[in-house]
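Asker: Residue numbers (the working numbering), protein chains in the order written: chain A, 1 to 318; chain B, 1 to 100.
Treat the hints as calculated values from the structure; they're not laboratory data. All C-beta atoms, glycine included, are put in the ideal place defined by N, C-alpha and C. One should not assume that every hint holds.
Unchecked claim - Derived SDA-like pairs: lysine to any residue, alpha-carbon spacing no greater than 20 Å straight-line:
hint : chain 1 : residue 1 : chain 2 : residue 2
1    : A       : K25       : B       : K41
2    : B       : K41       : A       : L223
3    : A       : K161      : B       : F25
4    : A       : K161      : B       : K41
As the list claims (entries may be wrong) - With the Cβ distance kept under 7 Å, some of the chain A side facing chain B (calculated, not the full set):
hint : residue
5    : P203
6    : A276
7    : R279
8    : M280
9    : N286
To be verified - Label pairs and their computed distance ranges (CB to CB):
hint : chain 1 : residue 1 : chain 2 : residue 2 : range
10   : B       : R78       : A       : L251      : 39 to 47 Å
11   : A       : K29       : B       : G80       : 27 to 35 Å
12   : A       : L251      : B       : G80       : 41 to 49 Å
13   : B       : W88       : A       : H164      : 27 to 35 Å
14   : A       : H164      : B       : R31       : 25 to 33 Å
15   : A       : K29       : B       : A27       : 32 to 40 Å
16   : A       : G221      : B       : R31       : 40 to 48 Å
17   : B       : K29       : A       : L16       : 47 to 55 Å
18   : A       : L71       : B       : R77       : 38 to 46 Å
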Amino acid sequence: MKDFYMQIDPVVLFFLLGLAAGIAKSDLKLPSALYETLSVFLLLAIGIKGGLALAKQPMMEILPQAMLVLLMGCLIPLLIYPLLRLKLPQADAASVAAHYGSASVVTFAVGVAFLTRLAVPYESQTTLFLALLEMPALVVGVILARLGGDAKQATGHGWGKLMHEVLLGKSIVLLLGGLAIGYIAGPEGIKPVDKLYLDLFKPVLTLFLLEMGLVVAGKVGALRQHGLFMLIVGVGLPVALSWVGIGFGMLMGLSLGGVTLLATLAASASYIAAPAAMRMAVPQANPALSLGASLGVTFPFNLLVGIPLYHQFAIAVA
Amino acid sequence: MTFHTKTMLTIVTEAVLENDLVALFEAQKVRGWTIVAARGKGAHGEKRGSFDANENIQIELIIDTASGEALAEDIMRRFGEHYALVQWLSEVRVLRGNKF
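Sequences and hints are given; from them, build the entire structure.
Answerer: Structure, rendered in structure tokens:
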């Protein structure tokens with residue numbers, strides 16, 4: 001069993017290649033149009049996979065679990081905000097709390113690849129959880145930022161625009177859209193396109209992670225600036241929050257794989273939806289701080305150490 | 001052919017503001033503008049343009065001087081405090097002056 005953890009998943013090796021190339025200041029650069037294309041593909045593919053599996057599940061079983069996931073999304077920023085507030089101004093603490101309450105699609109995808117490689121089954125509704133988890137923390141984060149004295153001076157956008165951004169942001173549209181397509185089409189209907197969306201998922205993930213490695217290498221500067229604090233937040237929060245995910249996973253009665261994935265989701269931090277939403281709604285927060293921690297520290301930590309660690313946690317309590 | 005002297009307002013800012021600025025232009029009845037993705041370095045750090053949340057845009061629009069100045073000041077008031085924002089006005093000579 002231990003051997004499994006000794007050998008690194010190839011998708012992670014692609015990330016390390018990008019990271020190394022970026023740190024070494026190689027001129028390697030993927031066209032940004034490719035990055036856009038890959039992210040559209042990944043989100044749709046994750047959605048479709050979830051939708052296909054969801055079709056086999058009784059809805060009434062999933063509904064209470066979905067409610068609990070929404071609750072977890074609200075709870076995480078509320079839990080960590082007071083801690084962050086010890087060190088950070090209100091807007092920054094709220095923004096970082098929103099980043100960590102929201103979830104990372106790619107971390108989830110790597111978690112799925114990890115479980116698939118170990119042949120550990122997991123519940124199909126975890127994809128739905130991923131989509132649900134993206135939103136509530138962003139809303140809570142904005143409320144936290146606007147509470148109290150600063151509210152009058154808040155220069156961010158109104159709630160209408162924010163909700164539009166949060167609910168109709170491209171990642172939510174693609175994830176939920178893919179989920180609906182998979183659900184409606186079913187395994188037979190999806191056959192003509194499954195070579196692209198199901199078979200090519202992992203190869204495409206490798207290219208995406210290569211780009212992510214390059215992006216993370218670009219964050220090294222921010223790390224130098226906020227060094228110690230960012231390291232503590234970026235490593236401490238995911239490990240602590242994975243236990244929130246494990247707790248909720250046990251409460252929902254998920255399998256070992258499901259608990260591992262929910263722990264991974266709880267531990268992951270958003271670096272696509274949250275930065276855009278926070279930039280709009282809480283412009284006074286420093287984006288280098290939250291993005292530096294979520295993307296520069298937490299993302300690689302989860303990829304390299306976190307996911308296998310959370311799986312061990314889940315084994316220990318299951 | 002005759003060239004007409006007009007003012008060009010150039011705005012370099014964060015991509016997240018694109019929709020707001022376009023809404024502002026519509027409201028001010030600006031007749032046209034061009035938006036391109038931008039990369040560079042400034043007080044808000046280096047924008048490599050390889051990542052969604054880390055993108056800049058450059059907007060150019062041609063307008064009469066008084067409206068250009070008013071528009072730039074309005075944009076500065078709304079977004080200048082917290083967003084990466086650089087604006088400049090320059091004199092340009094255009095054909096078909098009635099289009100601007």
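Asker: The structure should be examined with respect to each hint, and the outcome stated for every one.
Answerer: Now for the hints, and whether the structure bears them out:
no. : hint                         : result
1   : A/K25 <-> B/K41              : holds (17 Å)
2   : B/K41 <-> A/L223             : holds (18 Å)
3   : A/K161 <-> B/F25             : holds (18 Å)
4   : A/K161 <-> B/K41             : violated (29 Å)
5   : P203                         : violated (21 Å)
6   : A276                         : holds (5 Å)
7   : R279                         : holds (5 Å)
8   : M280                         : holds (6 Å)
9   : N286                         : violated (10 Å)
10  : B/R78 <-> A/L251: 39 to 47 Å : holds (45 Å)
11  : A/K29 <-> B/G80: 27 to 35 Å  : holds (31 Å)
12  : A/L251 <-> B/G80: 41 to 49 Å : holds (48 Å)
13  : B/W88 <-> A/H164: 27 to 35 Å : holds (31 Å)
14  : A/H164 <-> B/R31: 25 to 33 Å : holds (27 Å)
15  : A/K29 <-> B/A27: 32 to 40 Å  : holds (38 Å)
16  : A/G221 <-> B/R31: 40 to 48 Å : holds (41 Å)
17  : B/K29 <-> A/L16: 47 to 55 Å  : holds (53 Å)
18  : A/L71 <-> B/R77: 38 to 46 Å  : holds (40 Å)
The earlier numbered hints that this structure contradicts are 4, 5, 9.
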